[in-house]
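Colleague: Residue numbers (my numbering), protein chains in the order written: chain S, 1 to 269; chain F, 1 to 64.
Rather than coming from a laboratory, the hints here were simulated on the basis of the structure. Certain hints may be false.
Said to hold, decoys possible - Not everything, but these chain S residues come out facing chain F in the computed CB check (under 8 Å): (1) 27; (2) 187; (3) 188; (4) 209.
Remember, it's a predicted structure, so these values are computed and weren't measured experimentally. Just so it is clear, CB atoms sit at the ideal spot from N, CA and C, and this is done for glycine as well.
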Amino acid sequence: MKIKITLNGKETEIVEATAFKVRDKFGKPADIVIVNGFQIDEDCAVKENDILNIIPRGEMPNKEELESMMMARHTPRVHYKVKSGKVAIAGLGGLGSNIAVILARIGVGELLLVDYDVVEPSNLNRQCYNISHLGLPKTQALKMQIEEINPFIKVDIRNVRVTEDNVQELFGGYHIVCEAFDKPDAKAMLVNTLLKQLPDVKIVAASGMAGFESSNLIKTTRPMKNLYVCGDLESGAAIGNGLMAPRVMVCAGHQANMILRLLMEIEEV
Amino acid sequence: MKLNGTYVKLDAPQSLKELLVKQGYNIAAVAVECNGAIIPKSEYESTFVDDSSVIEVVKFVGGG
C-alpha cells in the first residue's frame, strides 16, 4: 500500500512501511534518520503524513531540508500560527535580545527589532551577545545571530530611539509589541503611548527582575485588557541589586511564553 | 475607592496626580487606568477621582 510522507522537505509516496526501509531506499546505511523531528536509533513504522529526514552524518542539510526538520519539531497547527506571527521588540538588552532569540527558535515568522544602542562589554553578563559583537549596533548583532539560528525568519531592524512621536510609525503594523526597555520612564512612555495611540495592540511588558531573589516571585500578570506585565513588579535595578542573567532570562522567558500564547490566540496569562 | 484591587478610603475627591503622589508612585514611571479608561499622563492633573473610582496603576521599575 502506498502512503504519502514528507521526505527531506518533499512530498513523496512510499511503499516501505518502516523508517529504516525508507533510508535503505533513499539514503545510505549510516545516514541519520529523523522522524517527526526526533532522531531515531531503532526502526519504527511510518504513517501517512509523517515527516522524515534522512541526512548524511556531519553534512549540512540544504535550506528546504532544514526548514522541514525544524517544522517537524512543532505540531503543524502550532507551526502555522507561529510562522504567521508578527512581533515587535522594543529594546534589545537583557530582555529583548533573549526574547528575540527565543521567538526565532520557535519560528515566529516576522520580527521587528528596535534599539539605538551598540553592544558594550557591560552587556555580556546577561544579554545575548558575544565578544565578536562589541561595537556593533544591537539590531545588527541580533539579526546576524538569528540568521544562524533560524534563517527562515524575516527580521526587520530599526536603529532609532523610541519616542512618543515615532511609536505609531514603528509599531503600527504589529499586533504584539514587546516592551523590553531598561529605564522605568522609557517603559512607561512606550506603554502609555501604545495604549493610547494603538488601542488594538497587545503589549507584553516587564517590571522587576533585578538581583537574585527567588525565581518564583517573577510572574505574568494582566493588569489591563491589552497589557501584560512580567516580573516581580518590585525589584528595580540599583546599586547592590544589579541585573543578573538568571532572573533577567526567567523574565524574558515569561514574556516570550506570553507572546507565544497570544500567537496561539490564548489571552489568559 | 478601589486601587489595584484593594479598598482605599478617600476623604475627598482629588486629582489623580495628588492620589498617585500620596500613594508613593513616581508619576514618570506608571500607566494608569481609571474606571476602565486609559488616562494619558497629560490628564493626571485634570482627572478627578472619588470614592467610587476603580483605579489600576502599573508601576515600572528599572531593569531589562
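Colleague: Now tell me, hint by hint, if it's right for this structure.
Modeller: Hints and how they fare:
1. Of the supplied interface hints, the one on residue 27/S is violated, with its beta-carbon coming no nearer than about 47 Å to a beta-carbon of chain F, more than 8 Å.
2. Given hint, residue 187/S at the interface with chain F, holds; its Cβ is 4 Å from that chain's nearest Cβ, closer than 8 Å.
3. Annotation: residue 188/S was flagged as interfacial toward chain F, and the flag holds, the nearest CB pair being 5 Å apart, inside 8 Å.
4. Given hint, residue 209/S at the interface with chain F, holds; its Cβ is 5 Å from that chain's nearest Cβ, closer than 8 Å.
The earlier numbered hint that this structure contradicts is number 1, and it is the only one.
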